[in-house]
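Trainee: Using the sequences and the hints, build the whole thing.
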Amino acid sequence: MGSSQEVPQQPPITSFSMEVAENPIWNLIKRVVRLVKGAFELSDEAIEVQIVGIVCRFELLHEENARLMETIVEKDHIIEELQKELAKF
84 MGSSQEVPQQ
94 PPITSFSMEV
104 AENPIWNLIK
114 RVVRLVKGAF
124 ELSDEAIEVQ
134 IVGIVCRFEL
144 LHEENARLME
154 TIVEKDHIIE
164 ELQKELAKF
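Position in the sequence shown counted from 1, then plus 83, gives you the numbering used here.
None of these hints come from the bench; they were simulated from the model.
Each hint should be verified, as a subset may be incorrect.
Said to hold, decoys possible - Ranges between beta-carbon positions, derived for each pair: (1) V119 / R150: 33 to 43 angstroms; (2) I108 / A149: 46 to 56 angstroms; (3) R114 / V138: 25 to 35 angstroms.
Just so it is clear, CB atoms sit at the ideal spot from N, CA and C, and this is done for glycine as well.
Mentor: This is the structure we're talking about:
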C-alpha cells in the first residue's frame, strides 16, 4: 500500500521569507495592500470629518485669496498713481 515516491524537498519557509523580504516589488505590493486596507477601515463618520476639514481649509483659502486680490488691486492703483506722477517730471 505504501508508495515509495519521494516527496520533493521544499525550501524552508525562512529562506522564502528572506527572498520576499529583499524583493522591492513585494515590499511595494505590501505597502499598497496596507494603504487600501487602511482606506477601507475608515468609517463613514471619519471620512465625513476629513471632508469637513478639507472644505474648511478651502473656505479659509478662498477668504485669503480674496484679501490678496484686494491688496493687488490697491497696489496696482498705487503703482498707477506713481507712474502718473513720474510722467509729470
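Trainee: Determine which of the earlier numbered hints do not hold for this structure and return their numbers in increasing order.
Mentor: none
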